[in-house]
Amino acid sequence: MTQAWLTLTSMDGRDIAAPTEAQLTAALAELYAPLRKPKAGAKGKGPPASAPEAASAALRFGYDDGLMYVIEVSRGGAIRFEEWSDRDCELALAPPRSMSADLNLAQQLWSLMARRQVSRIRELDWH
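Each residue of the sequence shown is one higher than the last, beginning at 1 in the numbering used here.
Since the hints were made in silico from the structure, they are not lab data. There may be inaccurate statements among the hints.
[To be verified] Ranges of calculated distance between the beta carbons of each label pair, as one might list FRET restraints:
1) Asp15 - Gly66: 13 to 21 Å
2) Ala94 - Gln3: 17 to 25 Å
3) Ser119 - Ala18: 18 to 26 Å
4) Leu93 - Leu35: 30 to 38 Å
Computed from a predicted structure; not experimentally measured. Where a beta carbon is used, it is the ideal one built from N, C-alpha and C, also for glycine.
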């Protein structure tokens with residue numbers, strides 16, 4: 001029998017199997033949180049501030065013996081949707097699609113993915 005699975009890869013690279021709604025919400029909140037600015041008056045003290053890193057988190061849904069879908073959300077709201085023949089990403093079933101979205105839409109997308117509603121995700125206005 002084919003088993004479905006859902007995995008969240010957080011910004012720090014940790015994989016969370018069967019994430020809860022709270023874990024999905026927390027991961028997105030971290031991505032959409034404003035970047036911290038250096039404190040005023042700290043000029044010239046310590047090492048120079050590094051550029052903000054390009055952070056992202058991905059939610060993957062698939063089946064043990066086949067298809068895998070990925071929605072990756074990057075800091076700033078860039079979203080990428082991919083469809084693959086298997087977990088090894090050997091064959092793309094469609095070109096990657098992208099959009100920009102606010103936190104609310106990103107939460108809706110991940111919620112659809114968690115409920116296995118890929119057809120509704122495909123219907124959205126992707127570029």
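Going down the list of hints, with the structure as the test:
1. Asp15 - Gly66: 13 to 21 Å: The hint (13 to 21 Å, Cβ to Cβ) holds, given that Asp15 and Gly66 are roughly 20 Å apart.
2. Ala94 - Gln3: 17 to 25 Å: 23 Å, holds
3. Ser119 - Ala18: 18 to 26 Å: Holds - the Cβ-Cβ distance for Ser119 and Ala18, about 22 Å, lies within 18 to 26 Å.
4. Leu93 - Leu35: 30 to 38 Å: 35 Å, holds
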